[in-house]
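*Asks:* Construct the complete structure from the given sequences, taking the supplied hints into account.
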Amino acid sequence: MARILVAEDDTAVQSFVSRALVHRGHRVTSVEDGVQALEALDRDSFDLLITDIVMPSLDGIGLALKVAKDFPALPVLLMTGYSAERQRAHNLEELICEVITKPFTLQEICEAAEAALSAEEMTCH
Numbered sequence: 001m002a003r004i005l006v007a008e009d010d011t012a013v014q015s016f017v018s019r020a021l022v023h024r025g026h027r028v029t030s031v032e033d034g035v036q037a038l039e040a041l042d043r044d045s046f047d048l049l050i051t052d053i054v055m056p057s058l059d060g061i062g063l064a065l066k067v068a069k070d071f072p073a074l075p076v077l078l079m080t081g082y083s084a085e086r087q088r089a090h091n092l093e094e095l096i097c098e099v100i101t102k103p104f105t106l107q108e109i110c111e112a113a114e115a116a117l118s119a120e121e122m123t124c125h
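Quick note on numbering: our numbering labels position 29 of the sequence shown as 29, and the sequence is numbered without any gaps.
One or more of the hints may lead you astray.
[To be verified] Pair by pair, the computed Cβ-Cβ distance ranges are:
| hint | residue 1 | residue 2 | range |
| --- | --- | --- | --- |
| 1 | Thr101 | Arg43 | 29 to 35 Å |
| 2 | Leu92 | Val35 | 18 to 24 Å |
| 3 | Gly25 | Ser83 | 29 to 35 Å |
| 4 | Arg3 | Val35 | 16 to 22 Å |
| 5 | Ala115 | Ala68 | 17 to 23 Å |
No wet-lab data here; the hints were simulated from the structure. Yeah, the Cβ is synthetic: ideal placement off N, Cα and C, and Gly gets one too.
*Replies:* Next comes the structure, spelled out in structure tokens:
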């Protein structure tokens, strides 16, 4: 299955998303912020980045912009619980696959991830 990088500063959400994706057969690496995500991307290759928008150090928007520049083939799925942040992400349609709103179910995050993985060549970026 896919190698997925999850960047999320809330440990409960990070654990929930990671366990859901592992349960679906994916290999998941979890980090706490955008800086750690960039370090992980420099060390390994991934098929999908799932990131929260609001994080310390480097937020999900900044991370998505950097990934689009340095790893243009990597699909990005954003997560947020804030409507204002969702609107900020709306302006990045060319760079991201989808913005999923918290709270979400296990099935919703897995379906969003699998859609991003299957659509990466057609609709993402």
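*Asks:* Are the hints correct? Go through all of them and say.
*Replies:* Verification of the hints:
no.: 1; hint: Thr101 - Arg43: 29 to 35 Å; verdict: holds (30 Å)
no.: 2; hint: Leu92 - Val35: 18 to 24 Å; verdict: holds (19 Å)
no.: 3; hint: Gly25 - Ser83: 29 to 35 Å; verdict: holds (33 Å)
no.: 4; hint: Arg3 - Val35: 16 to 22 Å; verdict: holds (20 Å)
no.: 5; hint: Ala115 - Ala68: 17 to 23 Å; verdict: holds (19 Å)
In this structure, every one of the numbered hints holds.
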